[in-house]
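The primary structure of each chain is shown beneath.
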Amino acid sequence: MAEPAVRTVVVRCPDWPIAAAGYPPDVPAAVFHAGRALAVSTAGRAEGVRPGHRRREAQARCPELVVIGHDPDRDAREFEPVVAAVEALAPGVAVVEPGILALRARGPARYFGGDEPVLELLGSEVAARLRGLAGVRVGIADGLFTALVAARDCRVVPAGHSADFLAPQDVSLLTGPGVAGAGTGREALVDLLRRLGVRTLGDLVALPAADVASRFAADGTLAHRLARGLDPVPVTGRAVPVDLAVDLALDPPAAQVEAAAFATRALAESLGDRLAGHGLACTRLTVLARTENGEEHARTWRCDGTLSTAAIADRARWQLDGWLSGRSATRPSAGVVLLRLTAEEVVPHAGAQLTLWGGWDEHGERAGRGLARVQGMLGPEAVLVPVLGGGRGPRERVRLVPWQDERTAALPAQPPWPGRLPAPHPSVVLDPPRPVSVRDLAGEPVTVSERALLSGEPAVVGLDGRDLWITGWAGPWPVDTRWWDTAAAGAGGRCARLQVLVRDAGQTRSRTPEPTRSTTPEEATRALLLVSSPVGWSLEGAYD
Amino acid sequence: MSASAASLLPKETLSRLRAAAATGGTILPSSGLGAHLPGDREPLLPVRPELAGLLPAGGLRRGAVHAVHDSTALLFALVGPASAAGAWCALVGLPDAGLLAAADAGIDLTRLALVPEPGPDWPTVVAALIDALDVVVLAPPAAPPAAVPRRLAARARERGAVLVVRGDWPGAEVGLRVVRTGWEGLGNGRGRLRGCRLEVESRGRGGAARPRRTVLHLTDPAAPPPAGAGAPGRPGRGAAA
Chain P
1 MAEPAVRTVV VRCPDWPIAA AGYPPDVPAA VFHAGRALAV STAGRAEGVR PGHRRREAQA
61 RCPELVVIGH DPDRDAREFE PVVAAVEALA PGVAVVEPGI LALRARGPAR YFGGDEPVLE
121 LLGSEVAARL RGLAGVRVGI ADGLFTALVA ARDCRVVPAG HSADFLAPQD VSLLTGPGVA
181 GAGTGREALV DLLRRLGVRT LGDLVALPAA DVASRFAADG TLAHRLARGL DPVPVTGRAV
241 PVDLAVDLAL DPPAAQVEAA AFATRALAES LGDRLAGHGL ACTRLTVLAR TENGEEHART
301 WRCDGTLSTA AIADRARWQL DGWLSGRSAT RPSAGVVLLR LTAEEVVPHA GAQLTLWGGW
361 DEHGERAGRG LARVQGMLGP EAVLVPVLGG GRGPRERVRL VPWQDERTAA LPAQPPWPGR
421 LPAPHPSVVL DPPRPVSVRD LAGEPVTVSE RALLSGEPAV VGLDGRDLWI TGWAGPWPVD
481 TRWWDTAAAG AGGRCARLQV LVRDAGQTRS RTPEPTRSTT PEEATRALLL VSSPVGWSLE
541 GAYD
Chain C
1001 MSASAASLLP KETLSRLRAA AATGGTILPS SGLGAHLPGD REPLLPVRPE LAGLLPAGGL
1061 RRGAVHAVHD STALLFALVG PASAAGAWCA LVGLPDAGLL AAADAGIDLT RLALVPEPGP
1121 DWPTVVAALI DALDVVVLAP PAAPPAAVPR RLAARARERG AVLVVRGDWP GAEVGLRVVR
1181 TGWEGLGNGR GRLRGCRLEV ESRGRGGAAR PRRTVLHLTD PAAPPPAGAG APGRPGRGAA
1241 A
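Chains as they are written, first to last, in my numbering: chain P, 1 to 544; chain C, 1001 to 1241.
Note that these hints are calculated values from the structure, not bench results. Treat the hints loosely; a few may be bogus.
[Unchecked claim] Incomplete in silico selection of chain C near chain P, CB under 7 Å:
hint : residue
1    : D1096
2    : G1119
3    : D1131
4    : W1183
Small disclaimer: the values here were computed from a predicted structure and weren't measured. Note that the Cβ used here is the ideal one computed from N, Cα and C, for glycine as well.
The shape of chain P in the complex, shown without the other chains (with noise of 0.2 Å):
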């Protein structure tokens, strides 16, 4: 069974790609595309001019028409003022495509007392706005495509008489502006349906569904779907878009830094309740101060969504401190005059942010200011957060990434990483890995194959100058990537891991090292990880 249509209103402005282009209907103008007339004025339709025509067939029937070349977004632009008319009237405005938006008609009828004022009231408000750039067509129906057709005509198709409206219709309304599924496959269906001499939309309807499914597949569903008055999609209102930039003129200008900062609270508050009334957190942040001469100073701030207010004015006193008491040729030569936030990026604020850091609360908060301050004290790169990622080495699963940025892994996490080293991690990582010399008992360096075989038992570290006897060791795990990068090796490329227990050779008794002792580990003093690259070996990491 159908769902009932939502009563929908459409306001269409015939030929909006002309008027978009400035042109009123009275003068011949066509906008082309890809060679062929995609919207002719009402003027150059008089004189023959219809889309689809090409551009010289086009010229030849009407020489002085105006050529317009095809601009989506002027058209989505322009259009742009239409919507915000008919929104201060009805909320929650979909815009179908440039030229036709809709709206659900329950509200603003209740509203205005019916359908028809709501007619009335909406042409008016949108004519008023176009000044005769464009005619506008107001239709309210159940529906989004019964009110499509309504709209051509301006009229209010009663509450369940969709089917009735529809049935003498044409055919090739189904393939008219804004319709569900319209385009060159729906083209074709009409022109076919036209041959089997289906011409009006009662005659589609009166084809079983079934047949019709059989016949004309998913696009004859739904056109048999559309004939019926039944409307496929629902219309949703459009966000709203934000004017997320606050100005604030200074007057006095500003010469302190303090004067300057003062005021940016009030402005980042501004920002801020602007931000929290549409539910949008800001992710970029970008403070622009002018002076009475003109310099300028903007910086963008980067940030993980969770800016407050209080983190947005302490970057704006920042930027503003390091800008006015800054000893550079950079300084400006008057105060400040003009102070602007805008919000470059913004996404939906995630709610109260719990879920972001497991409790952002009064006590994040606070830590977050701190780390804020010393990142104003040393340059934000020095406060650093860890992200665990994917990847092999102890160097490669962790990347540093400054407070309040984006918190993104250097590799991502979900692919399995053969070779990589099971827990536990060792506890200091050395990055870059220092070099260190591997021998055997007999001194002879110890080398990794390319089968990952060692050339000898590993019995010596050498390290800064001291040996360190071998305890105990395990591996090597080869790791074989990148192996082409040369350059990489260690980072990632062709390397084997070898943990190794050593002793400090200066503790020992014996100058010998004694490879039975070797199992008590209990009188190792260290664990060490030690990788080896074609440059030879270098201690990553210490595991006490």
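Guided by the hints, dock chain C onto chain P, whose structure is given.
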């Protein structure tokens, strides 16, 4: 005795008071200090049960300075449970910290900040972090000027933060040191490192001056405990000679 009391430690005030009575320590902040602390903040941050016995208060006491000698693994083990319980931590001057190991020790990396290069004016940086965070782990880049340890200790006491210093630090309430390390799982060309046993000794001030020892067994938290791997927790040896 203290260890058993400390294992009860936790969030409820009742058991906190019980722990305070058991250890005989003064846990609740003395006058002038409580005013700065929000009411719901615990005066003690949790530690591993093995380590509780080594600390005079049975946990990481807010406002106290703790010193840990040499072992980064011990440092992580000391701070981990507090971080897991919700404390914000910072590691200052530890550019080589193995953060995977830190995570394994229980440190919540989302509440961890690193200041690897605190610069020449590091005492100011540490003071700013003490103001804001719960636990500040410091590896001093240089020997501190004479007044700095006292100033930072006073700051920590005032703000109710825990300062953990790696290395010697004048005025530390307690100093922890690894006296013996045993590694498990690594043979002579066989196996892999599976865990370690740290024998930890603590020396405090005043009433806690007598050294105490315990054995800390660190293994992969995900791995099942190895069956019969070594003696389960060597008993502490009491006062070393």
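Quick rundown of the hints versus the structure:
1. D1096: Since chain P brings a Cβ to about 5 Å from C:D1096, closer than 7 Å, the hint holds.
2. G1119: holds (6 Å)
3. D1131: Hint on C:D1131: holds, closest Cβ of chain P at ~6 Å, below 7 Å.
4. W1183: C:W1183 check passes; min Cβ-Cβ to chain P is 5 Å, inside 7 Å.
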